[in-house]
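Visitor: Chain by chain, the residues run as shown.
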Amino acid sequence: MIPFDIVYRRPETVEEAVAAWRAQPGASIYYSGGTEILTGYRTGTYDAGAVIDVKRLPECSSRDTRRIAGHEALYFGAGLSLNEVVEDASFPLLAASARRIADHSVRNRITLGGNVAGRLPYREALLPFLAAGGTAHLAGPSLEGGAAGGVDRRELPVRELHAKRLLLRPGEFLLGLSVEAAAAGLPFYHDRATSGTEVDYPILALCAVARSGRYAVALSGYLDAPAWLESEGTPPLPKDFPEPRSDARASRPYRAELLRLSLSRVEDALK
Amino acid sequence: MTERIGLYELRLMVNGEERVLAARPQDTLLRVLREALGLTGTKLGCENGDCGVCTVLIDGKPVKSCMVLAVEVEGADILTIEGLKDEGLREAFQAENGYQCGFCTPGMMLNAHALLRAHPSPSPEETREWMASNLCRCTGYEGIARAIERASSKRAKILKE
Amino acid sequence: MDAAAARASSGVRGVFTGEDWKVLIGLYLGDKPPLARGRVLYHGEPVVAVVADDEASALRALRLVEVEYRPLPAIATPREALAPGAPILHPELGSYRRIPAILPEPGSNVANRTKIRKGDADRAMAAAEVRIRGEFSFPPGDHCAMEPRSAQAEILADGRVLVTSSTQSPFGVRNLLALGFGIPQGMIIVTAPAVGGGFGGKAGIQLEPLAYLLSRALGGRPVRLANTRENDMLGSPGRPGMEARVSLGAKRDGTLLAADIEFLFDSGGYADYAVNVSRAAGYACTGPYRIPNVKSDSLCVYTNHPFATAFRGFGHIEMAFCIERAMDILAAELGMDPVELRLKNAVLPGDTTPSGSRLDASTGDLPRCIRTVAARLGWESAPRGEARGDEVRAKGISCFWKAPAIPTFTDAGAIVSFNEDGSLNVLTGVVELGQGALSGLAQIAAGALGIDLAKIHVAGDVSTDRSPHDWTTAASRSLFMAGRALLAAIDDAKAQLRRIASQPLRCPEEDLEVSGGRVFVRDDPEISLALEELVLGYVYPGGNAIGGPVIGRGSYIARGLSDLDPETGSGRPGLEWTLGAEGVEVELEKSTGRFRVLRSACCMDVGRVVNPALARGQAVGAMAMGIGFATRESFAFGPGQNVVNGSLRDYKLMRFGEEPEYFVDFLETPQGDGPMGARGLGEQGILGMPGAIAQALSRAAGAPIRNLPITPETLWRSMRAGSGGPR
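Here the protein sequences come in this chain order: A, B and C.
If you read the first sequence in my numbering, its first letter stands for residue 1, the second for the next number, and so on.
If you read the second sequence in my numbering, its first letter stands for residue 1, the second for the next number, and so on.
If you read the third sequence in my numbering, its first letter stands for residue 1, the second for the next number, and so on.
Just so you know, the hints here were simulated from the structure itself, not pulled from any lab data.
Be aware that one or more of the hints could be misleading.
Claimed, not checked - Chain B stretches covered by chain A per the calculated footprint, using a threshold of three residues with CB under 8 Å from any CB of chain A: (1) 1-8; (2) 13-26; (3) 47-58; (4) 61-74; (5) 126-139.
As the list claims (entries may be wrong) - Short, incomplete list of chain C residues facing chain A, as computed with Cβ under 7 Å: (6) 55; (7) 591; (8) 636.
Just so we're clear, the structure is a prediction, and the values are computed from it rather than from any experiment.
Heads up, the beta-carbon is just placed ideally off N, CA and C, and yes, glycines get one too.
Hey, can you work out the whole structure from these sequences and the hints?
Guide: Here you go:
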């Protein structure tokens, strides 16, 4: 159980969400599916005094097609549950990657945004966007500040936004992720390995996309955070990737071998 | 904006009845069902989203109630094992020995019920995908698989007739 | 430890540590304080208890307790614990209360040593034409029943102690609380409701003493303790690990001559129940094979791991893994089919166990069990190892046996009474854990009375103030012993019914039969009375009443069990041996080491199948647990022997869809003294799985497996290392 008092806020607009955060900066956490936060509260790794539930904001709960930078794009609200994402046939690589996360019942709660912006380093729902070149849609307190400061919205390529974690500004949260419709329909490859049972964190999760002679590969479970690589002509070689991690689930050599096998299948699948 | 601070009045729709009770924002649906409403058919096994014994249906979808704050599901339709009326499934679990100690059974049956509503004749892969959400330590899953198979084929027979 | 802030926290009624009580608790060996005293012996050992008005207040206060730990060198394996200069984890071992059968070695980390010296193993081994030796190991693990443990205690004003607990041993708990705290047994009432899975982990003594002490400290107010999953896995006991060495000597034709065995059980920080696990492994140490000369030492060793208690298989699963692997090494050395080697040496009636007790006519037909499993797997007709590209399929077979590892005076009782409608109430001390014991008892009663199952009402909860005494619901003996007691109780009731009926029916009691809901004259059945007319007394026309209420009582105590000689291990510890064979077919992906168990077959000789569906359920559930034991379920340790996988997120159990196709066959060589000829069977299905899976995967990978868990990565490594030949 969660033994201490928290405040629950559920804004109806982005402005309300940001204002709620601004009222107690640093003491609030954005809440979406909540699975990671609730277990963190119980075990003591989270202690924010207030949660701001953003999953039902219109921008977060929408799944639509829109024009972004002159291209037709598929937009996925950050508040969509993973099962909703899986059932959506328009971006098959995303469906393939999302459907392996956790288990089916938990996927009725884990959201796209929660998986992508949380603390766990796997972020398998992000990999398709890293591979296919997606865009992150963000909102947060305007940098001009001031007590009644407004809301800044920005969009940037997911690849620029992501280092070890999403490089969000204080008070910023994910509204959604989009991908060019053309990119969503590209030939793709998805692979996932665990140390045994399938319902488990991955020791290697890999998404690959081929577009006009270039391969893009995004992977997680392999290093300390998701990573991506692009190459001309053939899938990136294992030696182009940093040394894999070693942990309780798998050793460095085993991960390296799984990557080697997976990359060889990428070429077969996408040539 | 909805705001809940300290004790608040929570309205839940549980098994077709409106229940009004006092809750705190940090109360999970699992704790509210068991402790405020006395519906102890929903079990506590890990409070970590791993085991599934706390599974209930929310708007027809199987959800681990330890992973939901009660405040999130005001207005939603919540079904617990006490409210499950599915004689075909009950008969199937009994006939095929789909349970032993019974601790995982409420969650298991609710998930199976939801599966068969969504996929009346589920493929083995669909069944596996849904039912892998619920651990059982007693049966080795054979009786559960047979029960779902039995319930599904009986339902198909009834629909045909 | 600084608990000042916790004590001051709202709603808190008390904060307690190991320093608050001097008591040590244990069923077989009293080595454990209710909370850690002075030292923390394992990761997860509870060090402080906070009692508050509600759970949230207690948890909030718990987080305010500050504890400073000074790390001590941690012992990682039994061999480390036995090495010269190892820290002695229980310096007071010599002063611990224990039962006579347990033989600790004070000044060391040996909590118990069980010796078997049968025949002359050294000489026979030296003279053997073929000798093999193998070393085997696996880490400790957990039961992971779906229901975490909980206990509640309250002390009434008149001194009565009320305990409700998720226990397999309500009477055991009562007795230990009585002895430990100086309370008459009759002043303690322990209630055991239906339990959400036990598997041995809820036998013996668990949270109850702590709940009692907390209540006592707070003036008898009801106190409830409920484990989180993490506490249940680490704080409360799990199953032991092991390091073992097995040497076998045989003739060139495969006839076993000698065994030299060392089992080192990793019992963790405390050894209470586990001392009996290692003892059981000792007297069962050869597996179900005829070996005339046996030298074995089975030790229960303290380490700094989470501590162990009874677990399904109780020493016989750990032993079986090692013996079966040793048999496979021998088979390879002889160039012999593993099935042939087992058939050649399978125990038969007339053979003796390592303790020298003779297997009687109730001994099951092991050769037929082996042949049945072999046939199920197509052992003769299809390849045992077959490669198709990157995939290899392979089969493995093993044997197992187990008798209940119980005190020589283990007992069970039953009380039956009737209702106005002639239906029967059954009261026993057996706890329903999901094994279907209560259903089995109902069937036995229905059969004995010749009435419909729907007219038998078996009481659910056990309450020690009204249920007849029963040792513990464990060891796969509940149906056997409570079943015998129940049959005796029904015989007793029938005698009363005959006595009452003989008056109005005006005939000798011995001419009367009770069956089908009536009491009737055997040779003239028309002369009869319905049970309804008798069970609460017979009323004559005119009003005179005689007899009633009919109350049948029955008892059963283990027959002919004896203690083991401390030097040779000879004696009769096993009530009845249920033995059998198991086999699997696996498919291995060579490039990654990933594998699946495709088929799992079990054949055991159970004497009589009382309820086929329940019996199959036990066998299948046990096989699933055995697959987990062999391939996943092990604690992993980090620096300082901290457990790194102490939650269900990281400790992986089998999930729906991962199970094999199961095959279960039962043979029925009757158990002469069993109810309806039945033997126990609840545990047996787990016993042979690690050996069978290890044999199959060794064959598939072309590399010998000597350690568990067998994971994709360990297989991948073994295939890369390459080591010439499946063993």
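Visitor: Tell me, which hint numbers fail for this structure?
Guide: none
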